[in-house]
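A.B. asks: Chain by chain, the residues run as shown.
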Amino acid sequence: MTLLDIRGLTIRTTDGHTLVDDLSLTIAGGERRGLIGESGSGKSLTTLAVLGLLPDGMTATGSIELAGTQIVGAREKHLTRVRGTDAAIVFQEPLTALDPLMRVGRQIAEPLARRRGLKGAELQRAVARALEQVRLPEPDRIARAFPHEISGGQRQRVALAMALACEPKLLIADEPTTALDVSVQADMLDLIDTLVRERDMAVLFVSHDLAVVARVTDRVLVMKDGRAVEEGDVREIVRRPREEYTAALVASARRLESALDTRRAR
Amino acid sequence: MTPVPQTTPVLELSDASLRYRGSGAPVVRDVSLAVESGRSLALVGESGAGKTTLLRLLLGLARPTSGTVRFDGDVLSLRDREQMRRFRRSVQCVFQDPYSSLDPRRRVGGIVAEPLRSLGLDTRRTAEPKVAEALERVGLPADAAERYPHEFSGGQRQRIAIARATVCHPRVLLADEPVSALDVTTRIKVVDLLAELKQERGLTLVMVSHDLSVVASLCERTAVLERGVVVEHGDTAQVLGDPAHPYTRRLIDSVPRLPA
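Line by line, the protein sequences give chains H and P.
If you're matching positions, the first sequence starts at 2 in this note's numbering and goes up one per residue.
If you're matching positions, the second sequence starts at 161 in this note's numbering and goes up one per residue.
To be clear about the criterion: a stretch of chain H counts as covered by chain P if any three or more of its residues have a C-beta under 8 Å from a C-beta of chain P, and this derived list gives those stretches:
1) 180–187
2) 209–220
3) 249–263
Pairwise CB distance ranges (calculated):
4) S152(H) - E380(P): 31 to 37 Å
5) T286(P) - L54(H): 52 to 58 Å
6) S152(H) - A302(P): 45 to 51 Å
Think of the hints as simulated: they come from the structure by calculation, not from any bench.
Idealized CB from N, CA, C, for every residue including glycine.
Based on the provided sequences and hints, a complete structural model is requested.
C.D. replies: Spelled out as structure tokens, the structure:
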């Protein structure tokens with residue numbers, strides 16, 4: 002069953018620049034999909050468009066169907082119903098994604114209260130559960146903390162807990178580990194991988210890093226300058242890239258990696 | 161056994177600690193490291209490990225609360241103007257974010273000429289050919305000097321920063337995460353450029369990075385920092401190939417790998 006169906010998506014600025022050009026992409030329920038590209042490739046705009054979150058001054062044309070709802074041109078009222086329940090997003094920078102003046106627990110409670118109508122003790126239990134499921138230690142302490150009082154990795158877990166709170170069918174993760182340290186990144190990728198598999202949730206995982214994307218997805222779409230370059234099984238693409246640009250990406254990543262291996266082999 | 165070389169390290173930290181006023185634990189504690197000419201050093205560790213603080217100590221931008229920083233064997237003294245002049249000429253730096261490290265209101269030519277002018281080596285006129293040469297060496301077009309930083313991409317801006325840092329022919333280049341803000345394909349090119357500068361100009365790098373693969377391709381020596389303490393220090397091949405400390409091992413194992 003198709004969960005997300007993007008057809009001929011084009012995103013333009015009001016002064017006529019085309020930022021995403023005729024992009025098509027489908028994701029089935031439970032599918033794990035990667036979107037790879039460098040800065041300016043349009044990968045993040047694509048994810049924003051899926052939730053109807055494009056910034057002012059940009060318009061989308063084409064079609065984005067998310068769980069049967071047409072997003073392009075939809076009114077805010079309809080979009081609110083979709084966000085969080087059909088698809089939810091985790092951004093790159095958890096410090097800007099969280100409200101600095103609100104305790105973490107209240108931020109997680111917000112979607113739970115609004116979407117699921119939970120109140121009082123029941124709401125509190127749901128918040129604690131949400132924090133536990135992203136493997137945060139001492140969920141009570143974290144719930145009472147302000148975002149600046151916890152570490153970057155913990156903040157990103159909180160952002161993930163918020164995204165998962167209303168059990169979305171599709172989790173969009175836009176460079177969710179880029180701002181994190183390597184060892185924290187490794188744990189976070191493991192966590193996303195397990196949670197998504199447990200719930201049979203679909204994922205759209207966006208990153209510039211092939212190795213990171215390969216860790217959590219099966220199929221990838223490579224983008225450059227707003228266009229789709231190549232799509233396929235991630236292992237296959239790494240092994241035998243068909244397009245020149247993909248080959249350059251893989252070669253760059255391989256070269257850095259091989260430096261690490263030659264040093265280690267000695 | 162090879163004899164221990166008798167050369168004086170260009171930069172040397174001995175038992176250096178830095179504690180900020182009013183805070184409990186020191187940010188770096190009892191660090192002893194030497195930067196020898198031709199042996200590039202990488203400082204590796206995660207956020208908060210004290211990598212950037214060490215670099216600030218080596219640059220003379222912060223003074224250790226205990227221990228010493230030496231330059232060519234002499235204790236670095238910010239008051240000694242003659243020494244500082246030699247120091248700034250010998251040790252230059254490149255920062256992580258090429259968007260905030262270049263003055264947006266100055267033309268690239270002026271930015272790159274800055275070290276030459278402020279060290280009193282050149283006038284505007286005599287700096288010009290040196291600037292052109294520095295820009296050419298980092299692979300930027302000659303007309304770049306007339307343009308402003310915003311007209312360049314992130315990778316190109318980092319090249320401008322490298323041109324500025326190398327225009328006065330320093331012996332040591334301190335680089336704080338010089339490629340981590342760049343895309344992979346751009347990253348490779350800047351790594352290649354740094355390798356070239358090492359090879360051709362005999363530049364010694366001191367590089368802060370959390371990216372082990374970049375470290376492996378550029379530095380002969382590696383020091384691993386965890387919470388302000390050097391937990392492991394030695395030849396890069398040794399440290400990455402046969403890590404002795406569990407923290408180093410964990411860092412290496414965490415690097416995401418391409419599918420085989």
